[in-house]
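Q: Listed below are the residues making up each chain.
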Amino acid sequence: MTALALPARTRQPAWRQLLGFNVLTGIVLAIIGWLIGYWLGGRFVNIPSLQYYTVGTGPGQNDISVFLGYLLGVIGFLAGLGFFNYPIKRMLGHPPSLAEHESAGEGWIRYFTLCTEHKVVAMQYLVGIGVFFFIGGINAMLIRTELLQPNVHVFGANQYLTLVGMHGSMMMGMMTSGVLGPFANWVVPLMIGSRRMAFPRIESFTFWLLMAAGVVLMTTVFFGGFQTGWTGYEPLGDQGTAGFDAYIAFFTLVGISMCLLGLNVVVTIATMRAPGMTWSRLPIFVWACFATGVLMMLAAPMLAAALLLAALDRTVQTAFYIPGNGGSSYLWENLFWVFGHPEVYIVALPGFGIVLELAPVFCRKPLWGYRLAVAGMLGVGLFSFFVWQHHLFVSGMNADLRPFFMLSTELISLPTGFIFVCMMGTMWRGRINYAVPWLFCMAWAFNFLWGGISGVFLSDAPSDVTTHGSFFSMAHFHYTIMGGLIFAVFAAIYYWGPKMTGFKFNERLAKIHFWTLFVFFNTTFAPLFALGFLGMPRRVVTYPANLQGLNDWVSASAYCILGSMCVFLVNLIWSMVIKREPAEDNPWNSKSPEFQLPTPVPDYDYEKLPVFDDDPYPYGVEVAPAAATAGQGA
Amino acid sequence: MSHASRIAGVVIGVAVVCVLLALYIGIYLTAAPGAASAIQTPAGPHLYLATVPQAEPGDAHPTWVSYYAVSPTSTDWRHDTTYVLPANTVVTVTVYEYDTQTGLRNNFIGAVQGTVGGTIDLNGKPVSYIDPDTASHIFAIPQLGLNVPLEGPGSNAHNLCAQAPCSLSNAHETITFRFRTPGKGLYRWQCFVPCALGFINGVGGPMATVGYMDGYIKVV
Amino acid sequence: MSSVNHWRRCATLCAVCAVVMTLITVFLIAPGMPPGNGSAQASGQVVDNTVLLGISAFVATVVVVYFLYAAFAFRERQPELALEGPRVRGDSRVQAWWLFITTGIVLFLAGYGTVRLLEDGSGGGQGPNPIAAPAGASHALQVQVIAQQWKFTYRWPSFGGVETPVLELPANTLIEFHVTSLDVIHSFWAYQLGVKADANPGFDNIAYVQTKSPLTFNIHCAELCGLWHGYMYENGYVVPKGQFTSWIRQEEVRYAPITKTLPPYSTSYFPSPQRRA
Chain A
1 MTALALPART RQPAWRQLLG FNVLTGIVLA IIGWLIGYWL GGRFVNIPSL
51 QYYTVGTGPG QNDISVFLGY LLGVIGFLAG LGFFNYPIKR MLGHPPSLAE
101 HESAGEGWIR YFTLCTEHKV VAMQYLVGIG VFFFIGGINA MLIRTELLQP
151 NVHVFGANQY LTLVGMHGSM MMGMMTSGVL GPFANWVVPL MIGSRRMAFP
201 RIESFTFWLL MAAGVVLMTT VFFGGFQTGW TGYEPLGDQG TAGFDAYIAF
251 FTLVGISMCL LGLNVVVTIA TMRAPGMTWS RLPIFVWACF ATGVLMMLAA
301 PMLAAALLLA ALDRTVQTAF YIPGNGGSSY LWENLFWVFG HPEVYIVALP
351 GFGIVLELAP VFCRKPLWGY RLAVAGMLGV GLFSFFVWQH HLFVSGMNAD
401 LRPFFMLSTE LISLPTGFIF VCMMGTMWRG RINYAVPWLF CMAWAFNFLW
451 GGISGVFLSD APSDVTTHGS FFSMAHFHYT IMGGLIFAVF AAIYYWGPKM
501 TGFKFNERLA KIHFWTLFVF FNTTFAPLFA LGFLGMPRRV VTYPANLQGL
551 NDWVSASAYC ILGSMCVFLV NLIWSMVIKR EPAEDNPWNS KSPEFQLPTP
601 VPDYDYEKLP VFDDDPYPYG VEVAPAAATA GQGA
Chain B
1001 MSHASRIAGV VIGVAVVCVL LALYIGIYLT AAPGAASAIQ TPAGPHLYLA
1051 TVPQAEPGDA HPTWVSYYAV SPTSTDWRHD TTYVLPANTV VTVTVYEYDT
1101 QTGLRNNFIG AVQGTVGGTI DLNGKPVSYI DPDTASHIFA IPQLGLNVPL
1151 EGPGSNAHNL CAQAPCSLSN AHETITFRFR TPGKGLYRWQ CFVPCALGFI
1201 NGVGGPMATV GYMDGYIKVV
Chain C
2001 MSSVNHWRRC ATLCAVCAVV MTLITVFLIA PGMPPGNGSA QASGQVVDNT
2051 VLLGISAFVA TVVVVYFLYA AFAFRERQPE LALEGPRVRG DSRVQAWWLF
2101 ITTGIVLFLA GYGTVRLLED GSGGGQGPNP IAAPAGASHA LQVQVIAQQW
2151 KFTYRWPSFG GVETPVLELP ANTLIEFHVT SLDVIHSFWA YQLGVKADAN
2201 PGFDNIAYVQ TKSPLTFNIH CAELCGLWHG YMYENGYVVP KGQFTSWIRQ
2251 EEVRYAPITK TLPPYSTSYF PSPQRRA
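Protein chains in written order, with the numbering used here: chain A, 1 to 634; chain B, 1001 to 1220; chain C, 2001 to 2277.
Extracted from the complex, chain A is given alone in its bound form (with noise of 0.2 Å):
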């Protein structure tokens, strides 16, 4: 051990573990929490001066007390862990302090508590998203079995309504932190030749609470559940019972995380990387993930704005949102998707840089064009916020307004093609290797081009009179989402995660997996495509009898995505559970500095911190200036 171990703390008995500050001591706050908080909104709807406020609460409708059981279960779960540990030492006036929690025990416990070690946090983000990221797929799973028949309802139609919100809220809650909750905060620390994140704690705060807001999401089912869809539309929200109430709490506690792993994210790019490690020497990911944060930073606070009015008219009858009151249908929409829009590219723009992080290791070249790669991610990311209104082209909006947004929506496809060149321009004359991972980045250009494609349509407002809202809209952005960024994580799963978890995956499962997701994901969504053309609309129960084929058809294959999943899960479990082969340090010859470290990487991760002196791809071999030219031409 050098001299940059940490102290080692004595192992602390079982016992004494589990009753520390640990995510058992915060369920068990939580619950305490929930309970105070709903006792006291009921204490609010019997004092005379605020029953102005609570016309109308009645048994299981009092918002008030749903809100304050969410707030303060929410505060004793943070409680539990610890956060407020620190915070109150400090305001004691003890001296500021990262030793804590940095060897807390060892082994699995670490990973059920606040711990500051980065690539722990990283670990618990993949298995917690990973989590919720299989419950919203299981409703997606439920929705195509309701949609086999129109005539035959195999869920409640209110049910029917919360499934499809469900699914959709909790798949863009958890993936706008998809990738910088588990790869950004493992990776990016040792790209840029960094020990830790720049703020360690924020780091497993963010972590806790978008656990914490997978759970509250769930716990609409015992309040009627919600009737929106995850764009929680006014004055339809303000209409439901309490289940909507879960819907602003969730998407408030993500917002929170989001800002704050953005912010985190930004701040140590910017200030922590390694002598030598200029901003003209990042990686790829890194800018991707830089772009991401600041994304993350400016629209997350746009939804908590939103919601906290929605939560207002719904509990001390404001009317924000209610037309016959003042207020306006229009400003949620406007304000939603001022958010929204920036929060779709939050999704995607992880998955550019995954893919053009890879792409220089498995073809065996420097990544083609780096700048114009890094102006693409910059230049989505400013563009995203100029482009919302497209969502609302037929909604009565401003009609000289619709011009502007057409071509700003256009516009975005232009940084979005530097992706693609930079990808094909990395591919042109190079060596490659068709390894799991690649293969995924392959079907990712493959299923961004359609999804890109048909943005191309949805933003040429003649034509999206006929498309918005509608099935084809939902295949666009299925597309972009699950077949960009799903296949993006996988890759990234498939390539860093042997080094992350220390062992091999099963190379034969992975590619059954591969493939059947890749052809499955194709056969079930591209017909919806056709199913918009032909007119169904989206969020329905119900549709005319000569789409039935259609709908039995995708139905069928969302199915073998299922299975397809299940290999995974099969792959994940035999792999990292029971078999545990021990992974190679370096699998894919790769030449970042993430692949230099031993595997498992040590708590400390450099012993001697990097000095960068070359560009991050320093692959391939020099050509000669005469072949260059002609190779260049070539």
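Everything labelled a hint here was simulated from the structure, so no lab data went into it.
Among these hints, one or two may not hold up.
Quick partial rundown of chain B residues pointing at chain A, CB under 10 Å, derived from the structure [to be verified]:
#1 I1025
#2 Y1028
#3 T1030
#4 W1077
#5 Y1187
#6 G1211
#7 Y1216
#8 V1220
Simulated restraints, written as ranges between beta carbons of each label pair [claimed, not checked]:
#9 B:P1182 x C:A2256: 37 to 47 Å
#10 B:R1078 x C:P2157: 42 to 52 Å
#11 B:T1041 x A:R43: 51 to 61 Å
Note that the structure is a prediction, hence the values are computed from the model and not measured.
Quick reminder that beta carbons are idealized off the backbone N, C-alpha and C, glycines included.
Knowing the structure of chain A, use the given hints to seat chains B and C on it.
A: Below, chains B and C alone, put in the same frame as chain A:
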């Protein structure tokens, strides 16, 4: 951790997931109100319904306004909102309106549509529309073009019924109408009066929940 | 270094495939594009979709063929040698051409879309102050579409403000829809007419359509509005002018008693009773 304990952990984990999923589907997702059929009379199938300002105590939502299926003498009350009717038949429906007047958001819905003869019997008198301000509930099957406005007792009527079950001695209006069922299929019915007290615009809560002011017509 | 001229091969393959796919798409697939030719605006959308489809087919084919070519031509056939590719970091000429071509396509699409949109509104809702009204809009037949949870009703200002539960429209007529809602956001989507306009409470959303021959069209609600959103659909009918006139007169007579109780015709309504949560 030993190999065996890890495998045990995986098995337990999978089992927990399956149990939670089964509970989610079995208890929450597939929960549905019951079905009631029309009774056969010499004049054809006859369905008896009632509307109340509050469902019975012990109901999941005891303060919510609701439809019930009842016996002809308004004695046997079942909280069913799926009504099973024979296909291609003229069905008679009688609604005992125990809930008070609320009024309509869209007065047009006070007009009778889709019934045999274009009228309904309001306390024995045939009418083709009601004063929209006296509407207590609506029974509408939009897919069949059926719209039946249900006048309710005034709020100062004598002996109003506060909660299900109600009896014919409580203040009520009796509305009877006849309509022809189509071929086999599943159709939905709803109320159009903003009767959901405590919810924005009076829609929401019971107005937006199957089992209260919404349900299905199952034509067999 | 291979002696094969990959660039020429790939470019030729891309160009040939792209031209073929574009021709197939434009001449075989595009004529069936939605939403069909039920109205002038719908036909306009078919033309727009054809242009978009043609350009998309060309671009997508080029990209897909390129990827397939590169994936096969440059795959590592001798992994045991652990060779690397040429150290080429970019090519400013290629980048410039890419930027130039893609910008051109994108600007064309934005401009084309704008021109088409402003010609006749393309059937979309334009809010209370439409900027793209077809010729003759001042003489259009006004129809108010009232969306409520969960049924559309229709009000006719030029026929005494009568309200009808069914939508019948005269053929070969310019229609001016005024779409509004009484409660939450809905969306009036008349598929074969190529019309979609959101219905917002307290707000007037105007959409134009020029009907052609008689037909039956599907009306769907296209914005999630609650429990029965999926069931909020019905048929609408374009009928000969004479038939339309006799129908609307019949409706006026039939609904005369209830029309008296309706509020005066207005482009938006805030109906009472209001109920608060």
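Q: Does each hint hold? Answer for all of them.
A: Now for the hints, and whether the structure bears them out:
1. At a threshold of 10 Å, the smallest CB-CB gap from I1025 (chain B) to chain A is about 7 Å, leaving the interface hint in force.
2. For Y1028 (chain B), the interface hint holds, since its Cβ comes within 10 Å of a Cβ in chain A; the closest pair sits about 5 Å apart.
3. With its C-beta approaching chain A no nearer than about 6 Å, T1030 (chain B) sits inside the 10 Å limit, and its interface hint holds.
4. With a least beta-carbon distance of about 21 Å to chain A, the hint placing W1077 (chain B) at the interface is violated under the 10 Å criterion.
5. Here the hint on Y1187 (chain B) is kept, as its CB sits about 9 Å from the closest CB of chain A, short of 10 Å.
6. For G1211 (chain B), the interface hint holds, the least distance from its beta-carbon to any beta-carbon of chain A being 8 Å, beneath 10 Å.
7. Hint status for Y1216 (chain B) relative to chain A: holds, with the closest Cβ pair at about 8 Å, below 10 Å.
8. Given hint, V1220 (chain B) at the interface with chain A, is violated; its Cβ is 12 Å from that chain's nearest Cβ, farther than 10 Å.
9. Distance hint check for P1182 (chain B) and A2256 (chain C): the Cβ-Cβ separation is about 29 Å, which falls outside the suggested range of 37 to 47 Å.
10. R1078 (chain B) and P2157 (chain C) have their C-beta atoms about 46 Å apart, which keeps the hinted 42 to 52 Å range intact.
11. A beta carbon spacing of about 54 Å between T1041 (chain B) and R43 (chain A) agrees with the range 51 to 61 Å that was offered as a hint.
Violated hints for the displayed structure, listed by number in ascending order: 4, 8, 9.
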